[in-house]
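A.B. asks: Residue strings, one per chain:
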Amino acid sequence: MTDEDRPAPPVIRAEAIEALLTEKGLVDAATIDAVIEAYERDIGPMNGAAVVAKAWKDPDYKRRLLDDGTAAIAELGFGGPQGEHIVVVENVPTRHNVVVCTLCSCYPWPVLGLPPAWYKDPAYRSRVVKEPRKLLAEMGLDLAPEVEIRVWDSSAEVRYLVLPEPPADVDARSQSELVQRVTRDAMIGVARIDG
Amino acid sequence: MDGMHDMGGMDGFGSPRVESAEPVFHEPWEARVFAMTMLATAAGVFVTDTFRHAVEQLPPDEYLRRGYYGRWLRALERLLLHAAIITPDEIVAHDPDGEAPITAPPTVPFAAPPSAASPGSLRNIDTPPQFETGQRVLVRSMRPPGHTRLPGYVRGKRGVVERVHPGWVFPDTSAHGLGEEPQYAYAVRFQGVELWGADAERGVSVCVDLFESYLEGDPA
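Quick note, the sequences are listed as chains U and Z, same order.
With the numbering used here, the residue at position 137 of the first sequence is 137, and numbering never jumps.
With the numbering used here, the residue at position 141 of the second sequence is 141, and numbering never jumps.
Quick caveat, the hints were computed from the structure, so don't treat them as lab data.
Hints should not be assumed to be uniformly reliable.
Unchecked claim - Cut-off 20 Å, straight-line C-alpha distance, at most; resulting in silico cross-link-like pairs (EDC-like, lysine to aspartate or glutamate):
no., chain 1, residue 1, chain 2, residue 2
1, U, 134, Z, 201
2, U, 24, Z, 61
3, U, 120, Z, 90
4, U, 54, U, 67
Nothing here was measured: the structure is a model prediction, and the numbers come from that model.
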């Protein structure tokens, strides 16, 4: 490997770009910090969990959510980049939905935040469309052979959110208790809700 | 373009590495690159389609080696250079030991930077969709040299329209500054055996979101 081939330490290069954009008055550190803070603190899977828990407890909301995901999600105040048009797909005992973006790593940011590393990993992107049953088992989700698997490749601008099956004790739990049970991975479709 | 990014159906990558208690960003520079890209997009320096295409144009080995935000960093730099917002000399002044900036013109021209903040990409279309839910369709076997959102693994394959989506800016033209050319998109469902042959896993189908011009009616 020659010097020319060796990747620059990205930290130096990112600092260089930020310094140049700052010198030119195009960005400032506080604005960058604010964007980062929003995605580290406010925009994450807790938003999707609120949507899912409400759908489990409120049949009218669930109907609206499956009919027009974007509008129903906006009722709870969630929207924004990568959430222009959200479609919610429901997992039922006979059919399991799982989401991927094979071409890049499209993901419903307003409800799930930024994607985890494995979602962006070539291993996930390449295999979940071809051998989802095997891949999901490797990730800890064993589906019975009779359960149909439907993979959603978000290759355009639609963003998908999986409505997981509720836990068995859903009726005995409050909506706020249920929010705590919803996981990011279940809303992507690589896990089920425990219990 | 047929690049490394189009990886649906490839073999050899092993199992995904799943981290527990994963942070949103693994390194501070990743967060800075993410935020600068968001701000540049919001400011109308480039549209998302153009950004995605800049990522796709990384050589395959580099695409894999750099990782997700490493790709973003390289694409952001290239588009800022292309928009003449920064110059190669300025980068070298700040990072004298780093690799050379990409000054070669892109293989297919990038979009010119729009002057105003770019709107979202949903568009109303006056004409009705060409296809309807339940209709059988055939994906055109095409290999556009530039940006496309038509994954390689469904080209030439037969499926059924599962959902009719609204109209959107067409990425294949938008990425290159050739206009919005809005089109309907469709979730088209393909059976596993249609995509992967007789050895495909049982009871599996894949829904892929495809633009109208990628499709034709399937009389079969």
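A.B. asks: It remains to establish, for every hint, whether it holds in the given structure.
C.D. replies: Hint check:
no. : hint           : verdict
1   : U/134 to Z/201 : holds, 9 Å
2   : U/24 to Z/61   : violated, 33 Å
3   : U/120 to Z/90  : violated, 32 Å
4   : U/54 to U/67   : holds, 15 Å
The structure fails to meet hints 2, 3 from the earlier list, while all remaining hints are met.
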